[in-house]
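**Q** Can you build the whole structure from these sequences, using the hints too?
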Amino acid sequence: MKDLDRLRTLIKEPVELVLNQQIKMEMVSSSKYLAMAGWCDRNGYDHSAGFFYKQSEEERKHAMKLFHYLCDQGATAYSPDVPPVGQEFDTLRSVFESALDQEIAVTDSINRIIGVCRREGDYATEELMKWYVKEQVEEEYIARRCLELIDQIPADQVYYLDKKLASVTYDENPFEDE
Amino acid sequence: MESNVPVSYQEVFRTDKGVVYQCDRTNRLILSFWGSTTPLSARDFAQFRRMVSTVNVHQMALSTDTADDVEILTIPRSERCYVLTLCEVIHLRELLNGASLMLELNSMLRECGCATLSTPS
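Taken in order, these protein sequences are the chains called A and B.
Going by this note's numbering, the letters in the first sequence line up with residues 18 to 195, in that order.
Going by this note's numbering, the letters in the second sequence line up with residues 5 to 125, in that order.
By construction, these hints were calculated from the structure, which means they are not laboratory data.
Just so you know, not all the hints are guaranteed correct.
[As the list claims (entries may be wrong)] To spell it out: a stretch of chain B is covered by chain A in this simulated footprint if at least three of its residues, at any positions, have a beta carbon under 8 Å from a beta carbon of chain A; those stretches are:
1. 27 to 37
2. 89 to 103
3. 110 to 119
[As the list claims (entries may be wrong)] Simulated restraints on C-beta separations:
4. I76/B / G91/A: 21 to 31 Å
5. C118/B / F192/A: 49 to 59 Å
6. E189/A / S57/B: 27 to 37 Å
7. T41/B / S96/A: 25 to 35 Å
8. D28/B / L27/A: 12 to 22 Å
9. C91/B / V150/A: 42 to 52 Å
Cβ atoms here follow ideal geometry from the backbone N, Cα and C, with glycine treated the same way.
**A** If you want it as structure tokens, here you go:
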């Protein structure tokens with residue numbers, strides 16, 4: 018008897034399910050970052066707002082990368098329902114704390130997906146997910162570094178802090194050969 | 005349907021209420037349930053199974069609202085729909101889950117290089 022599911026796609030149902038959940042998570046992240054950008058914008062933190070607008074776009078791209086992968090491989094990608102997200106924050110610090118929490122949740126989710134890929138013997142998807150692992154190392158570093166800067170820069174230098182936060186990057190890629 | 009099943013149809017799973025066949029000639033799964041027979045692609049079959057498995061049977065069982073007495077399920081890419089009571093939803097779920105398990109078993113046999121489930125001679 019033919020294996021019709023395998024003829025249709027290389028992605029097994031459990032992997033398809035977790036990838037669709039990840040698409041939703043990335044879209045929710047995008048929405049949360051947009052809310053953070055909006056808060057920063059209306060509270061005068063223009064540079065941080067720019068940083069979060071960019072993050073919001075990036076999260077959407079992450080979701081779309083998975084969406085296209087599922088479609089290209091013959092699986093089904095679902096456009097997710099994005100629930101309402103919080104629009105208000107107490108301080109600039111709480112915005113960045115929320116950002117770090119979100120990145121940690123995404124990292125945990127990526128790790129779980131790799132576990133599912135290994136259980137199902139889906140090495141192609143695991144290879145794709147390695148890109149996300151590297152991406153998360155960078156994202157977590159940036160969020161942590163921003164929180165460090167908030168602690169280090171005196172509270173009266175708000176403009177300098179805002180500018181500095183938006184310029185944080187992760188250049189030391191540990192996954193590349195020197 | 006039972007008396008004149010085409011030779012290309014192989015039985016995947018059967019319950020008292022219905023049967024799922026696979027036709028290797030057309031690459032379709034054939035759902036025979038509640039007196040009707042519907043050919044489905046593997047994708048549509050998976051989607052329909054998901055649809056059936058997400059029916060809120062607890063709501064159907066506990067609600068006194070007449071709207072919750074039946075569930076209307078539209079088969080993907082088909083003009084047919086099922087209007088099912090709680091018991092029928094459970095029967096359909098049992099049939100689709102059983103068929104899905106057998107298809108998964110067939111995949112596992114193929115993956116490990118064993119002969120797959122029966123092929124007509």
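**Q** Check the structure against each numbered hint from earlier and tell me which ones fail, lowest number first.
**A** Per hint list: 2, 5 and 6 violated.
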